[in-house]
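Undergrad: Protein chains in written order, with the numbering used here: chain A, 1 to 577; chain B, 578 to 1154; chain C, 1155 to 1440; chain D, 1441 to 1726.
Hints listed in this document are in silico derivations from the structure and should not be mistaken for laboratory results.
There may be inaccurate statements among the hints.
Stated by the list, open to error - Straight-line Cα separation of at most 30 angstroms, DSS-like style, residue types lysine-lysine; simulated pairs:
no., chain 1, residue 1, chain 2, residue 2
1, D, Lys1691, A, Lys36
2, B, Lys752, C, Lys1405
3, C, Lys1335, A, Lys402
4, D, Lys1621, D, Lys1631
5, A, Lys175, A, Lys111
6, D, Lys1469, C, Lys1397
7, D, Lys1631, C, Lys1405
8, D, Lys1683, C, Lys1305
9, C, Lys1305, C, Lys1397
10, A, Lys175, D, Lys1591
11, D, Lys1631, D, Lys1691
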Amino acid sequence: MRDVHTKRTFSSDFFAWALCGGVVGVDEVSVLIGGKAGDGINSAGALVARLFSRLGYRIYLYFDYPSLIKGGHNFAVVRATPRQVGAHRERVDFLLALDQETLRRHVAEVKPTTVVMGRSDRSQGAKVSVPVKEVLDRIGASDLMGNTCMVAAFARAAGVPWEILEEVIMAHITKETSLNIAVAREAYTGAIEVSPVPRAPGAAPPLPLLTGNEAIGLGLAASGLDLFIAYPMTPTSNLLHFLAEYATPLGLTVVHPENEIAVILMALGAAYAGKKAAVGTSGGGFCLMTEGFSLAGMAEIPVIVVMGQRAGPSTGLPTYSAQTELLFVLNAGHGEFPRLVVAPADVGEAYRWSALALQIAWDYQVPAVILVDKTLCEGSFSCGPDDLIQLPYVKPVSAGPKFPYLRYQNITDGVSPFIHPPNPLAVVKVNSYSHDEAGITSEDSGTATMMVEKRIRKGESLAEVVGSLPTVEVSGDPASRIGLICFGTMGGVCREVAEHLGIRCIRPVVLAPFPSAQVHAQIDGLTRVIAVEENATGQLAHLFAAHGIRVHHQIHRVDGRPFALEALIREVSGVIG
Amino acid sequence: MRDVHTKRTFSSDFFAWALCGGVVGVDEVSVLIGGKAGDGINSAGALVARLFSRLGYRIYLYFDYPSLIKGGHNFAVVRATPRQVGAHRERVDFLLALDQETLRRHVAEVKPTTVVMGRSDRSQGAKVSVPVKEVLDRIGASDLMGNTCMVAAFARAAGVPWEILEEVIMAHITKETSLNIAVAREAYTGAIEVSPVPRAPGAAPPLPLLTGNEAIGLGLAASGLDLFIAYPMTPTSNLLHFLAEYATPLGLTVVHPENEIAVILMALGAAYAGKKAAVGTSGGGFCLMTEGFSLAGMAEIPVIVVMGQRAGPSTGLPTYSAQTELLFVLNAGHGEFPRLVVAPADVGEAYRWSALALQIAWDYQVPAVILVDKTLCEGSFSCGPDDLIQLPYVKPVSAGPKFPYLRYQNITDGVSPFIHPPNPLAVVKVNSYSHDEAGITSEDSGTATMMVEKRIRKGESLAEVVGSLPTVEVSGDPASRIGLICFGTMGGVCREVAEHLGIRCIRPVVLAPFPSAQVHAQIDGLTRVIAVEENATGQLAHLFAAHGIRVHHQIHRVDGRPFALEALIREVSGVIG
Amino acid sequence: MTEQPSLITDAQNTWCPGCGNFAIQHSLKAILTDLQGEERDLSNVVLVSGIGCHAKIADYLNINSFYSIHGRTLPVATGIVLANPQLNVICCAGDGDMYAEGLDHLIFAAKRDIDLTVVVHDNRVYGLTTGQYTPTSPVGFRGRSTPSGIKERPINPLALVLASGGTFVARSYTGRPAHLKRVLSAALSHKGFSFVEVLQICATYNNLTAFYHERVLEVQDNEEDLNAAWSYVNAWDYNTDAKIPLGIFFKEDLPPDPSRSGEKPYLGGAERDVSSAIAAILHDRV
Amino acid sequence: MTEQPSLITDAQNTWCPGCGNFAIQHSLKAILTDLQGEERDLSNVVLVSGIGCHAKIADYLNINSFYSIHGRTLPVATGIVLANPQLNVICCAGDGDMYAEGLDHLIFAAKRDIDLTVVVHDNRVYGLTTGQYTPTSPVGFRGRSTPSGIKERPINPLALVLASGGTFVARSYTGRPAHLKRVLSAALSHKGFSFVEVLQICATYNNLTAFYHERVLEVQDNEEDLNAAWSYVNAWDYNTDAKIPLGIFFKEDLPPDPSRSGEKPYLGGAERDVSSAIAAILHDRV
Ligand SMILES: Cc1ncc(C[n+]2csc(CCOP(=O)(O)OP(=O)(O)O)c2C)c(N)n1
Ligand SMILES: Cc1ncc(C[n+]2csc(CCOP(=O)(O)OP(=O)(O)O)c2C)c(N)n1
Ligand code: SF4
Ligand code: SF4
Ligand SMILES: [Mg+2]
Ligand SMILES: [Mg+2]
């Protein structure tokens, strides 16, 4: 595990760097921008990212901040590459410091060639000193525009044409735009080009940048979401904010109720009444939803839970990431019932699998979890047309309801036709008790057994459709007998590591129903399986073991920070020798 | 699975019985008593049981009732044996029907030799007709004493001496005792001896009868419980009632708060202030406790959760049993933290492991779950002095707190000394956030990692002490290469089945930390492993698989009713051929 | 729908003889029968119940129903109303259900003035779990969890709902079936959040028939006078001995606003064009 | 304890400049300093906090503390008091915390008259989660979850607590530090459930300094007059424009009864003889 706080001198640092093999390609750029909470670091990072978008790069943006409103250290890392990646590098090419703390903390990210730029009045020791205060004073702008100033100086240093900078500011700074432009122009003209970044080879038109939260929201909307209901909780609060902001154009009802218990039960009420509803939360809120989740299982009412993991237990590190809720979501709720759990790795998958999960949940009347984490929810990725597609999915054919209507008709595939009130031909009874086909309570042994078996058959039907989908993502060298396994956002970094080391990477996107055959097809023949997880106990490894797959080594990270590419390369290399 | 509603004629029934091998020994007796909810069936069953206790038998009593207050069919099955058992038989020797419904429903439990006794005014077709109404009218007793009357007639039929009956009534009917005695005498004298039950060989003094709930309560009290906090929920409501009733002699504070969320958080508050607290619930209530459970993990505050499983999902079959929450309690709560999960099989284990769980939870500052189910909670068992003992356990030695006090001192074994306020020398800070050793919030990577590792080491210390305990119960033929595996109340029936079929039975009592070495030591060498569980998905089999143990066959039951001995013998025989 | 199906299902009724739940069921059935008589389509009616004796009404009435979980009638019902404001939603809740496990939701439903009707079957005891005290049990009540008698004072649910902004606040009693029917009927027609506290006899665990018989008093309906409402509501505190007013204590019509809860500009329908909306958002994100 | 340790920890304070939480912390610190001056042992004081900006006070004050979870200060605090009634327990809660996620507990703590003090840091916004509406935000409030403004009316927390049987009900304001200290001090000495609603400035998401400056009004303390209490409490409804009374609006001393909650004959101590009790129970069970 890397500790960003370790102080290293440049020379020993360089030595370490050289040893690690210098995997930074010439065709990519990494930028870190840091400052205080309240300095607008996240927006500044996004501006930098959008400059690179316009130079034809694909973007991965990681944003790191503690749980507070003002003060404290925030930073964003932008990585611009010709092909989409999903991880940041250990060292950066540009370091933009809005304060001294940034320089102090990020010594380890600096390599000999790094262009270190600092705000002259608040940091010392940067190679390039940016006279932010002077620029702001000259233009008569407030200190809030310090980040614009810094980004403009960076743009010049990186050789980004003024037109691109201007376009980005015009498009993305909506408050006091012209003042920002003036600040930027002043800073840009005063700065010098240090290390120009070339256009990406074969540059395509610039792509939109989406966060994981946004991609999930759009995916759900694309599949016909009607209501989004949530109580704010990092890292999915921004999904609530995003959908509330776009509620009108997307045709959504967005509700923020009294607590998470109300959240999931409102969603179930809405689904009963025929609307498609999703909820968003994190582990603590999900705990409060588990009783409703079990009700969804028994009453056979679909619901989507967007479950953004963060480091726990309990309040933990609320703004940092984790992969600690896999086994919890697989087993949450009392009693047994089929569920769908998908764990996308990037915004493309987040969009596609959210869209598909909604359809499947409704077609099979099951609760579904979109299992994500802070890194994906609040990270940004470029998003191309290939990302935002519908996965091939064949909707099951239903015989249609029979009358008199039986809500829980004991049908072969287990999926009883669901009519929603008002329907003049049907009385629709759903029930949390063990019930008969009509939905009336029955504690009779035979009826209870019949209904358990119906739900089991429904789970088998669900498993069958899942089996027909591309549930397992594979990358790296197909000839290698060594494989990394991982899930969710670890996908990005593991794919690059596998490619770099010439090994394989196997990642199930669907975790329940577990795509056992597909996973086995990929794993069988490997001689060494290495699990990479952002948790301490190896939950994916446990799940694989329960499905008969031996995991030989486990690599964990538990501090809520994602692996940098080189750090994981070192760890995996250490294992495979 | 047996359906008690299937109608069979006596002759075909006898045929089926003969085929099944007639495992009823001459040295034991089974009695079924049935009637309407409100007829006092449970008390009548307990009276019958206590008659047999005084004849020197050990008792197992199963009580079956639906979720309603009056009306509906209730029945109790009493099995009296020379050696303690934990399961009922498929057929009974006496059937006592307080209404016609009892005769209708329990045809399948009748064998040619069964003495079927019916209340003359409410049932037809019984071999022995008991003129209950006439007896009550003659004595001037109300209809409420119908069950006393029936039990007295039974006592005579079974050749139980009058003195024993009188003693039992005196001891156990506290309301209108003398009127009950009069009713009993009248019924007893009017009845005839049909099939006398001999005293048990080598009859010892009569043993107390405890329910699982009572055994848990006494075990916790024996280890120094201070508070019991619960919101009523079947099947642990009676634990709340029992401890409330005996709060004064046991020196307990018993609290029934507004809901389950309050329940667990009050328990954590009390533990922080230095008192030992336990809570009781079932799956639905446990869902609401999971957020507090995770807090217990992070803040390192001990708590005991008595988790009585019942058939779900959701409200399900609230008065019937299940084993569906194993994987849920193993993984419940967000984030990762060590926990203790024990699943006793009978009242002796319930007492011993509850007592031990409380000690371990407090010594290691972890949340602990006593995972039981309706069958154990509300079933009654004889309880001998050997049952109510302390298991050998070596309390860990603590270095004691250092001052200035650090609540989360980063100590080798992970178990930081816990001081409770008020202590004039210490400020005691507990925290749900990631924290430093003093308990103050820290989101720093290094501190977070240190604390995760401290908790992991604590889990290892816990696993070590658990490893020194008798965590795996083994019975049956040690030479057999076929083994049943099970947990919790399935232990009783599986042990008898294993003995009957000459195979082995291996049952972990502790499920977390999983006693992997001990289980492997017992399993290795078996060629066939058969899991027997009261659930549909095979949760124990899944857990064993995750620990590298292949399970070859699974036997499930999902209707909330426990296996009768013969039914399971048939199922297992079917598997082993 | 001209042929009228029976309003009662085939489910076996398992309430104890003498239970006040029968009166509530009869009142609701009578109101539904009246609606059928007016040729109103009962498929627009949805019953949501919690868990407890009261909740079995969901099995017994042959109308749309959501037999939910303990304490959660209101969020379920709110979700139904949000999804389709045309539906006429009735919550049948218990006192343990609504005043202990799910009290939070009651206050928020009142705050939101969500358009539905709550009927609390307040037998002042947990019936189905065999007789523990509830938030409205009086001081000294000996239940199975409190054998030496509780010392906490009961809450006054009407005061809480009034303090939370409830726009229809009423009390009735299962021993006064005509009154009950009239009040429930008025509650169902109120546009907004309607709260009816029904004093319900529990024949088995808390038979207060004689107590209520001597004390209940049907009072005149009050509409918008908040002071009058407060004095009705405070006339009896669920603990001490006093006359117990029955009636509609408060009624206020807020301007109807189906979007009162949260951010809900409109409910997505055929007219929405999600693809264009997504395209526009993506364009903004370049 | 004669050497007085500092009342402030080394933890870095991360409240925004101008945040009202500073005033609450200063008042509490001043009260604790006074207690130290009176040679009172501060190890008897326990602070319980929820999650939110307000809750960071648990890190900053160098006293016993239980930094709990969102919405759950009260059950934690109740457990502490049940376990040791000698401890002086203060809950510092947020408005999202106490009035949304955990409202149920507030009403029950008041009902129980449990002996502890609740201080609600009511900034009428979710601070730490970056500015959503809370139950006390006024109609029209535009938060990040309600960008076009909420339409629900706010709750009046004081009215709810009064309706729930609260025996000490007060309001203060972070812009009036002397008043705040006096009210908090009185709350801490009240035997029973003390509820102090503090209007707290959130400098970043809901800066109402000017609004409050014009409207707050320190009123005379009221003790047992419930009618006077109701008129203070209802003078301002958290929504419309009116003078905002600050003060102790109600105070009633119930006979102290440490066993008011649930079945708790006595707290087990050295004197209890559990073995004999178990033996007696087993004897009864034969
Ligand atoms: C979360 C949860 N906790 C506890 C229970 C157990 N339970 C079922 S009904 C009930 C109480 C019912 O009381 P009330 O709401 O007053 O209804 P009544 O039976 O009196 O009509 C309880 C506690 C449950 N089903 N769910
Ligand atoms: C169960 C749960 N849901 C949501 C959250 C996220 N959360 C943390 S603080 C907070 C709101 C804080 O608002 P408030 O209580 O008013 O405190 P403030 O920050 O304004 O002081 C929320 C919703 C959480 N921690 N736990
Ligand atoms: S226990 Fe009470 S409320 Fe329940 S059915 Fe019987 S009389 Fe009615
Ligand atoms: S966001 Fe508001 S409440 Fe939170 S610290 Fe800043 S000013 Fe204070
Ligand atoms: Mg009730
Ligand atoms: Mg707030």
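Undergrad: Work down the list of hints and note, for each, if the structure agrees.
TA: Against the structure, the hints come out as follows:
1. D:Lys1691 x A:Lys36: The given pair, whose Cα atoms are some 46 angstroms apart, is violated under the 30 angstroms limit.
2. B:Lys752 x C:Lys1405: Since the Cα atoms of lysine 752 of chain B and lysine 1405 of chain C sit roughly 50 angstroms apart, the hinted pair is violated (cutoff 30 angstroms).
3. C:Lys1335 x A:Lys402: violated (35 angstroms)
4. D:Lys1621 x D:Lys1631: The given pair, whose Cα atoms are some 18 angstroms apart, holds under the 30 angstroms limit.
5. A:Lys175 x A:Lys111: Outside the cut-off at roughly 36 angstroms; violated.
6. D:Lys1469 x C:Lys1397: Violated, because 49 angstroms separates the two Cα atoms, which is more than 30 angstroms.
7. D:Lys1631 x C:Lys1405: The given pair, whose Cα atoms are some 38 angstroms apart, is violated under the 30 angstroms limit.
8. D:Lys1683 x C:Lys1305: violated (38 angstroms)
9. C:Lys1305 x C:Lys1397: holds (23 angstroms)
10. A:Lys175 x D:Lys1591: The given pair, whose Cα atoms are some 27 angstroms apart, holds under the 30 angstroms limit.
11. D:Lys1631 x D:Lys1691: holds (10 angstroms)
Hint compliance for this structure: hints 1, 2, 3, 5, 6, 7 and 8 are broken, all remaining hints hold.
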